[in-house]
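Q: Below, each chain spelled out in residue letters.
There are 2 protein chains.
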Amino acid sequence: MAAMIGEELRAAFHRLFSAMAEIGATPAGGVCRLTGSPEDGRARDLLAATLTATGAEAIADTVGNQFGLFRLPGAGDTAVLCGSHLDSQPTGGRFDGTYGVLAAVVAAQAVRARLAAEGRTARHHLAVVNWTNEEGARFQPSLTGSSVFIGSLTADAALALADGDGVTLGAALDEIGWRRDGTLPVRPIRAVELHVEQGSVLETAGVPIGLVTGAWATRKLCLAFVGEPSHTGPTPMARRQDALRAAARAIEALYGIVEADGKGAHASAARLTISPNSPNVVASEVRVWFELRHPQQAILDDMAERFLAAATAAVAPLGVAVETAIDERRPSLPFDAVGVEIVRAAAAALGHASLETMTVAGHDVLALQRKMPGTLIFVPSEGLSHNEREFTKAEDLDRGLDVLAETLWRMVTAANV
Amino acid sequence: MAAMIGEELRAAFHRLFSAMAEIGATPAGGVCRLTGSPEDGRARDLLAATLTATGAEAIADTVGNQFGLFRLPGAGDTAVLCGSHLDSQPTGGRFDGTYGVLAAVVAAQAVRARLAAEGRTARHHLAVVNWTNEEGARFQPSLTGSSVFIGSLTADAALALADGDGVTLGAALDEIGWRRDGTLPVRPIRAVELHVEQGSVLETAGVPIGLVTGAWATRKLCLAFVGEPSHTGPTPMARRQDALRAAARAIEALYGIVEADGKGAHASAARLTISPNSPNVVASEVRVWFELRHPQQAILDDMAERFLAAATAAVAPLGVAVETAIDERRPSLPFDAVGVEIVRAAAAALGHASLETMTVAGHDVLALQRKMPGTLIFVPSEGLSHNEREFTKAEDLDRGLDVLAETLWRMVTAANV
Numbered sequence: 001m002a003a004m005i006g007e008e009l010r011a012a013f014h015r016l017f018s019a020m021a022e023i024g025a026t027p028a029g030g031v032c033r034l035t036g037s038p039e040d041g042r043a044r045d046l047l048a049a050t051l052t053a054t055g056a057e058a059i060a061d062t063v064g065n066q067f068g069l070f071r072l073p074g075a076g077d078t079a080v081l082c083g084s085h086l087d088s089q090p091t092g093g094r095f096d097g098t099y100g101v102l103a104a105v106v107a108a109q110a111v112r113a114r115l116a117a118e119g120r121t122a123r124h125h126l127a128v129v130n131w132t133n134e135e136g137a138r139f140q141p142s143l144t145g146s147s148v149f150i151g152s153l154t155a156d157a158a159l160a161l162a163d164g165d166g167v168t169l170g171a172a173l174d175e176i177g178w179r180r181d182g183t184l185p186v187r188p189i190r191a192v193e194l195h196v197e198q199g200s201v202l203e204t205a206g207v208p209i210g211l212v213t214g215a216w217a218t219r220k221l222c223l224a225f226v227g228e229p230s231h232t233g234p235t236p237m238a239r240r241q242d243a244l245r246a247a248a249r250a251i252e253a254l255y256g257i258v259e260a261d262g263k264g265a266h267a268s269a270a271r272l273t274i275s276p277n278s279p280n281v282v283a284s285e286v287r288v289w290f291e292l293r294h295p296q297q298a299i300l301d302d303m304a305e306r307f308l309a310a311a312t313a314a315v316a317p318l319g320v321a322v323e324t325a326i327d328e329r330r331p332s333l334p335f336d337a338v339g340v341e342i343v344r345a346a347a348a349a350l351g352h353a354s355l356e357t358m359t360v361a362g363h364d365v366l367a368l369q370r371k372m373p374g375t376l377i378f379v380p381s382e383g384l385s386h387n388e389r390e391f392t393k394a395e396d397l398d399r400g401l402d403v404l405a406e407t408l409w410r411m412v413t414a415a416n417v
Numbered sequence: 001m002a003a004m005i006g007e008e009l010r011a012a013f014h015r016l017f018s019a020m021a022e023i024g025a026t027p028a029g030g031v032c033r034l035t036g037s038p039e040d041g042r043a044r045d046l047l048a049a050t051l052t053a054t055g056a057e058a059i060a061d062t063v064g065n066q067f068g069l070f071r072l073p074g075a076g077d078t079a080v081l082c083g084s085h086l087d088s089q090p091t092g093g094r095f096d097g098t099y100g101v102l103a104a105v106v107a108a109q110a111v112r113a114r115l116a117a118e119g120r121t122a123r124h125h126l127a128v129v130n131w132t133n134e135e136g137a138r139f140q141p142s143l144t145g146s147s148v149f150i151g152s153l154t155a156d157a158a159l160a161l162a163d164g165d166g167v168t169l170g171a172a173l174d175e176i177g178w179r180r181d182g183t184l185p186v187r188p189i190r191a192v193e194l195h196v197e198q199g200s201v202l203e204t205a206g207v208p209i210g211l212v213t214g215a216w217a218t219r220k221l222c223l224a225f226v227g228e229p230s231h232t233g234p235t236p237m238a239r240r241q242d243a244l245r246a247a248a249r250a251i252e253a254l255y256g257i258v259e260a261d262g263k264g265a266h267a268s269a270a271r272l273t274i275s276p277n278s279p280n281v282v283a284s285e286v287r288v289w290f291e292l293r294h295p296q297q298a299i300l301d302d303m304a305e306r307f308l309a310a311a312t313a314a315v316a317p318l319g320v321a322v323e324t325a326i327d328e329r330r331p332s333l334p335f336d337a338v339g340v341e342i343v344r345a346a347a348a349a350l351g352h353a354s355l356e357t358m359t360v361a362g363h364d365v366l367a368l369q370r371k372m373p374g375t376l377i378f379v380p381s382e383g384l385s386h387n388e389r390e391f392t393k394a395e396d397l398d399r400g401l402d403v404l405a406e407t408l409w410r411m412v413t414a415a416n417v
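Chains as they are written, first to last, in my numbering: chain A, 1 to 417; chain B, 1 to 417.
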């Protein structure tokens, strides 16, 4: 079977991808496009201009979620959502998120063109989307726009989220002109996201397409360690209540449990704030953002509880209190089985091998899954993710784009989807 | 023997102390006067106005060191320096540094008045001083102004020091109008500093005056842990090079060595910077400011070397490199014996008990000691230091002020000093 993406559209995709990679480009080949930054604004402007140029209806909502509605002949008030995000980590890669948004734009064009060429109708429209603050790099929690879209987070709460400097998401969006008042005028019936894998499963197996059947369960905890300021010199050691020493103990406790268990969990402590952060004042308050992830919910839950108990016990002798500032649980939801089979069939029809896998990382489609069937498609990653050296080969991008277009075609035309 | 500080001057001291405590006052009873901040500017303005009102010559130099020259009858081109600092920690106490500066202003007035009353001459002038950035809270290293004054740090290097936001000391001083071009027109022959103890030795012993005979040796190290950014989710644990995990191990290594040794060392890790500081990106670079202190140089040196070796060994399995960004050694120098005897005699003459002790914390007079005899006098502290609840009783402040005035009198009038 021939791919729906012709040479012209394929070239347009690569031109668009290169143009987007220029926005917020970092010296090491990555991008820095924090949500609400000028670079985020320019990325949104480029997407909006591209959508309008293709004849899609460009819409943005109150938290900056950006939609491109491709109205298809014959469809009523329903649509298949397809997209990802254009924001990045501070030293992010140029594929993460961006690939999924731009591939959706091109795949939607291909589906629309094929319907016209074959004189056919569709059962659903296609809505391309760029979700706000997927990364959670500047504002926590992550998956902000998609969570607001499905109602698990209110728009007011999202707009009030503050970054490390106290700037709110609302103010940041206003600054770049992307707090809007649009709403998507169709009812989404399922969501699809194409993404680079960010792990090494596909690369190791030598398979170009990942059929994502489920997500690892994730627990995100922000713990506040509360001690007391004192002079790092004369204060007797026994008199100190050292919040940074407590945080270090808790970090060690986390990795100790994960390694002793040997059950393949992933864990991290990657963000930290410290007060007063003077070399001569014992830290009075330290906050650490911890993450624990495991494919099995029960194992994760047990591990997280043992971590909390171990951290509390480890810091108690220091006279430091532990408070849970954030406790976010993302359950291990399986992806919609119908979607997995459509992607499997699409890949097979195009002659591409595929492999069932799970996602460890969070994705917008995971947030959306609470309200509609979700489908996640992976292409291989080389090297690292959340790193400027993140890389996926052009032929792998092309295969993913082909599979996405074929998947969307089947989703909007099949009688039973 | 009657104290030189009469009721009027004593009341003036307490009024001045209260006025200064208002500048940068924090809700919990402390002060926040970071170097080069608007509050630091207002504190300097108050000191300058006070000096001018007392008839002293107010001078400030290129790094903002602020002098008040009390010209005494009969003196030539030499002076005894006496002062401390008006800058504070972010949540500092109102006594630390401020007491020494304001007591020096009042003691110098008392000495000058007594010379006039008795029709006597002095051998040296008195120069009151407020040293810039003693605390090192905003700009590191600490003791900045006094180090420039004695030539162990160049003015250019000091002015180029940058805070956490990249603002230089020079720019910060310009902002508040305190980068000046004055120089002290006399040659300092010794330096005296009166300070609250910040420890509990005097309070425990019930003695009002501390004769400081020496300083603990101090090693200040800023270590950079350099790993690589990656996604906290899918990146295999073995593939990560986690700089924060490395920093936590090094912090634990520090306290482990100090406690296992049981030799009474003081140690801390109180300032930390982290990059990129996103909850979803394994930290690629973490810097930690460590301090180790011990009365004996040899024990400190051995402990510091074992710490560096242990930290390097602990983080090596993580694939994280350790680089020494700052390595500052403050040797355990004894204070000038003549000065100690003058203070001992002054206290005895006033009927105040005194006790030989050492300073654990750094003080400007320690930097000055490299070039001139230095004398440090302590009064008791209650509670904590580098804490808004820092406290010294009024009667202890008064005793210290009396001893300082008597000490300065003896230093400027005695034939053999």
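What the hints contain is simulated information worked out from the structure, not anything from laboratory work.
Do not take every clue at face value.
Which copy? The list can't say, so a pair holds if one copy fits it or any two copies do.
[Unchecked claim] Below, simulated SDA-like cross-link-like pairs (lysine to any residue); rule was C-alpha separation at most 20 Å, straight line:
no. : residue 1 : residue 2
1   : 263       : 287
2   : 371       : 42
3   : 371       : 21
4   : 393       : 238
5   : 371       : 252
6   : 263       : 332
7   : 371       : 273
8   : 263       : 162
9   : 263       : 238
10  : 263       : 236
11  : 263       : 237
12  : 393       : 118
13  : 263       : 239
14  : 263       : 370
15  : 393       : 256
16  : 263       : 116
17  : 393       : 214
18  : 263       : 395
19  : 263       : 10
Just so we're clear, the structure is a prediction, and the values are computed from it rather than from any experiment.
Q: Could you run down the list of hints and mark each one as holding or not?
A: Verification of the supplied hints:
1. Within a single copy, residue 263 and residue 287 get their C-alpha atoms no closer than 27 Å, and across copies no closer than 31 Å, so neither meets the 20 Å cut-off.
2. Taking the shortest alpha-carbon separations for residue 371 and residue 42, neither the intra-copy value of 31 Å nor the inter-copy value of 58 Å comes in at or below 20 Å.
3. Taking the closest pair of Cα atoms, residue 371 and residue 21 never come within 20 Å of each other, the shortest separation being 32 Å inside a single copy and 58 Å across copies.
4. Taking the shortest alpha-carbon separations for residue 393 and residue 238, neither the intra-copy value of 57 Å nor the inter-copy value of 24 Å comes in at or below 20 Å.
5. Proximity of residue 371 and residue 252 under a CA criterion of 20 Å is satisfied in neither setting, with 38 Å inside one chain copy and 46 Å between copies.
6. When the C-alpha separation of residue 263 and residue 332 is checked against a cutoff of 20 Å, the pair qualifies only within one copy, where the shortest distance is 16 Å, while the shortest distance between copies is 51 Å.
7. In this homomeric assembly, residue 371 and residue 273 never come within 20 Å of each other (Cα to Cα): the closest approach is 34 Å inside a single copy and 40 Å across copies.
8. Taking the shortest Cα distances, residue 263 and residue 162 never come within 20 Å of each other, neither inside one copy (36 Å) nor across copies (46 Å).
9. Taking CA atoms no more than 20 Å apart as the test, residue 263 paired with residue 238 passes between copies only; the shortest distance there is 14 Å, against 38 Å inside one copy.
10. For the homomeric pair residue 263 and residue 236, the shortest alpha-carbon distance between copies (13 Å) is at most 20 Å, but the shortest distance inside one copy (42 Å) is not.
11. For a Cα distance limit of 20 Å, the shortest separation of residue 263 from residue 237 across copies, 12 Å, qualifies, whereas the shortest one inside one copy, 38 Å, does not.
12. In the homo-oligomer, the alpha carbons of residue 393 and residue 118 never lie at most 20 Å apart, since the shortest distance is 32 Å inside one protomer and 92 Å across protomers.
13. Taking identical chains as interchangeable, the C-alpha atoms of residue 263 and residue 239 lie at most 20 Å apart only when they sit on different chains, with a minimum of 16 Å there against 39 Å within one chain.
14. When the C-alpha separation of residue 263 and residue 370 is checked against a cutoff of 20 Å, the pair qualifies neither within a copy, at 28 Å, nor between copies, at 59 Å.
15. In this assembly of identical chains, residue 393 and residue 256 lie within 20 Å of each other by CA distance neither inside one copy nor across copies; the values are 37 Å within and 48 Å between.
16. Taking the closest pair of Cα atoms, residue 263 and residue 116 never come within 20 Å of each other, the shortest separation being 52 Å inside a single copy and 84 Å across copies.
17. Taking CA atoms no more than 20 Å apart as the test, residue 393 paired with residue 214 passes in neither setting, with 25 Å inside one copy and 66 Å between copies.
18. For a Cα distance limit of 20 Å, the shortest separation of residue 263 from residue 395 qualifies neither inside one copy, at 35 Å, nor across copies, at 64 Å.
19. Taking the shortest alpha-carbon separations for residue 263 and residue 10, neither the intra-copy value of 43 Å nor the inter-copy value of 71 Å comes in at or below 20 Å.
Checked against the numbered hints given earlier, this structure breaks hints 1, 2, 3, 4, 5, 7, 8, 12, 14, 15, 16, 17, 18 and 19; the rest are met.
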